Amino acid sequence: MGSHLRSKFTREEEVKYISHLDLMLVFERALRRARIPIAYSGGFNPHPQMVFGLPLSVGVTSESEYADFEFHAEVDPENFKSRLNANLPQGLKILEVRERKAKGNIMASIAIASYDIFVYLGCSYDIIQERLKELLSKTTIVVQKKGKKGVKDLDIRPMIHKLHVLKLSKNEIDEKLNSKFIDLDRIHLNEDNGIYCIRAVLSAGSNANLKPELLMEAIKEGLNFDINTLKIHRTELLVGKGGKVYNPLDPVVLLGE
Amino acid sequence: MKMTLKISDNILRNVEKPSRYTGNEWNSVTKSLDKINIRFAFGFPDVYEIGMSHLGSKILYHLLNQREDTWCERVFAPWVDMEEQMRKNQIPLFALESKDPIKSFDFFGFTLQYEMSYTNIINMLDLAGVPLKSSMRTEDDLFVCAGGPCAYNPEPLAEIMDFFLMGEGEEILNEVLDVFKAWKNEGAAREDFLDRISKIEGVYVPGAYQVQYESDGTIKSVLPNKSHYPERIKKRIIKNLEDVFFPDKIIVPYTDIVHDRIMLELFRGCTRGCRFCQAGFIYRPVRERTPEKLLDLARKLQENTGYEEISLTSLSTSDYEGLGDLTENLIKEMEPLKVNLSLPSLRIDSFSLDLMEKAQKVRKSGLTFAPEAGTQRLRDVINKGVTEEDLINSVSIAFNGGWTGVKLYFMMGLPTESFDDIEGIADLGNKVVDAYMRVPKEKRGKGLSVTISTSSFVPKPFTPFQWEAQDTMETLREKQRHLKGMIKNKKITYNWHESQLSLLEAVFSRGDRRLGNLLIKAWEKGCKFDSWGEHFKFDLWMEAFGECGLDPHFYANRKRDFNEVLPWDHIDVGVSKKFLQRECEKAYRGELTSNCRVDCSGCGAASFGSTICTG
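Residue numbers (our numbering), protein chains in the order written: chain U, 1 to 257; chain W, 1001 to 1615.
Chain U extracted, bound-state conformation:
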């Protein structure tokens, strides 16, 4: 039982076109349907006390999202999980719920995010592998980032922690890219299929944040062939604590040990 819970959830294809703001409303309504005693802020316009990890860009899926919830009564984690799951639409599913005792909400502590970026290339595996190696060997990678105040130069090299590319078998393609939104029929597979998975571990959170879309811009830079991004999927989020990174559900993080 606890009045503060942290949950891990998936956000799959069916709900990938919802904005972050709309996703919060989906949770608010699901909580109300489930009659879960979520706490509300005071003031003129009370809102439910829930905090989400790192917002996902529209169109990106994830198997590793996190949200913190605060209640005005004690709530059993397993009960919370089953009641909320019964009230969430297809594509959203709570995987795990733990009590949170330590301070520091999920959004403030996110440090690292991992992505699988599925791409279709007009080149062989060797060329893209070379390209990623070449990128990693650089000490600076300057890209142009479009922000609210116009375009800015940004060195993204310090924010790339790992980057490599994997071949995919036909079975893996069927399994990972079988979506009602991905049109594989239009793609002519070559001998090693032409579809690869770029696996990236990137800085994330309020201090330094590298979006996978921006990384792809850097990879594309100077290449004379097309890279078609089929799907971006978040595989992991980690939080920082005392200079180390942890799984957000790690007791060290949740209990402050």
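Hints are computed from structural coordinates only; laboratory data are not their basis.
Note that the structure is predicted; figures quoted are calculated from it, not measured.
Even for Gly, the Cβ is constructed at its ideal location relative to N, Cα and C.
Treat the hints with care, as some may be off.
What the hints assert, rightly or not - Pulled a few chain W residues facing chain U out of the computed Cβ check, cut under 8 Å:
| hint | residue |
| --- | --- |
| 1 | Arg1013 |
| 2 | Glu1335 |
| 3 | Lys1338 |
| 4 | Thr1387 |
| 5 | Ala1606 |
Stated by the list, open to error - Covered stretches of chain U, going by a simulated chain W footprint (3 or more residues, C-beta under 8 Å):
| hint | segment |
| --- | --- |
| 6 | 10-23 |
| 7 | 124-138 |
Guided by the hints, dock chain W onto chain U, whose structure is given.
Positioned in the frame of chain U, the structure of chain W alone reads:
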């Protein structure tokens, strides 16, 4: 056979608001194709956010899906960016739930909420690959039908629709589908189905009626081709609103829609009889739900949707007798769940202000009033039972309560209107400002703002003004300029509606079936989303009139004789033409007609046997 279309990322990444097209919302209905017989595509000819805000569509969607043999799905007009992608990628119009092409359905039913959505219907039929005209459809095609308030003058769409459903749809839709199921099992001819449903009260099959014209272009007669078709088609109503189906769950969208809340329908119809208001006549007689029933519905809907807001809807919520009790009980139950109650604009008195303060912890900014006309003379002509004293009392109460914003709605171009009436609008605005000034400084809020908005009067079928001429665009513009010149107070802002759109509304609201070709012609030239300012192309419409040999002024600006056969005379809404004529004559004499609750004026709607009429 798998027909489902792939609405791929390549398409969705290139359109704004992709969640308009992805479906999968909470409480949306999915069924297995091998367990159903009837596929019904429910079309709303505007974008998702508008269509999803319409209460009637929600009711009928869930009503149809109550049937085990039927799967009703939604179809909205794709926004222009999506349409471009669909045409480029050869994707036909699809249903939101299954993503199956509409062409493979049994019915494509449209709700007609406003005339300026008609070109979207044509566009949606084209995108679906369905022949635009009823006469062009063959045994392989689905049936195209329509209902809703604009269907009471079905004639502009008579060549497009296979049939219309007149009046409230809860019963008649089921009757039509029952006939369809039997007809489909027998494998009978297309025409045979239309013959069979023509026997259902409220069904109008326009293709079976012949229109004859006089040499001056007016109508001589509208008569059925076949003897067994009814000469007049009577609308259907639900007599007992208490027991009729009302969904206890509604779809909860992902993206922000216009009315994103639970809508609780208090009653249908209106007892007031304002002479310009079509809704006030076509929905007669008044039928109510009890506060107990409404509370029960609210409870269930809230549980099943998780919505954070409930609104009360009807044509005139202040007239609902149980309003005080209902709101009190709703607030008591919903407040702990953090669910707000929102009230529509009520007639303002101390009771309703108190109610509004209790219901919504609103910022005391804007209140809306609709005097509709600037002078008492003209307000009497239109039977708007509001006096200047009422208005000034109401705003004074509001100003004393701390409110600072007042919006005043007026109609321009009402029958008998003169420049005195226009000046009366400005006067009324000034008197509202004076009422604010009379409130002691320490009691009133800071920063008064009064907004005067004028729309242009559009004469509507089945109203006492159905014979009237609409002011020409030149006259309307002159009146707008005049009023603008009269408003000198800096606290008053004046907004007006573009008269070009009002002209087309007037054409289609009282048009005949010759407008079908015009509609197709205008669509061919690129007209669609006409009610969206940025897409309204008046010049193309005028070109289309010219090419079709039709004159917009014949429809909009011509005063009809009481003896003229009107295009909708073969439709029976219960309110008699004699009554409407009597009301029109009273209007010209400036005589008022009382509220149905006070005195029956013998409109004819008593034939439906509702309690308000029969006691």
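Results of checking the hints against the structure:
no.	hint	verdict
1	Arg1013	holds, 6 Å
2	Glu1335	violated, 11 Å
3	Lys1338	holds, 6 Å
4	Thr1387	violated, 36 Å
5	Ala1606	violated, 44 Å
6	10-23	holds (count 6)
7	124-138	violated (count 0)
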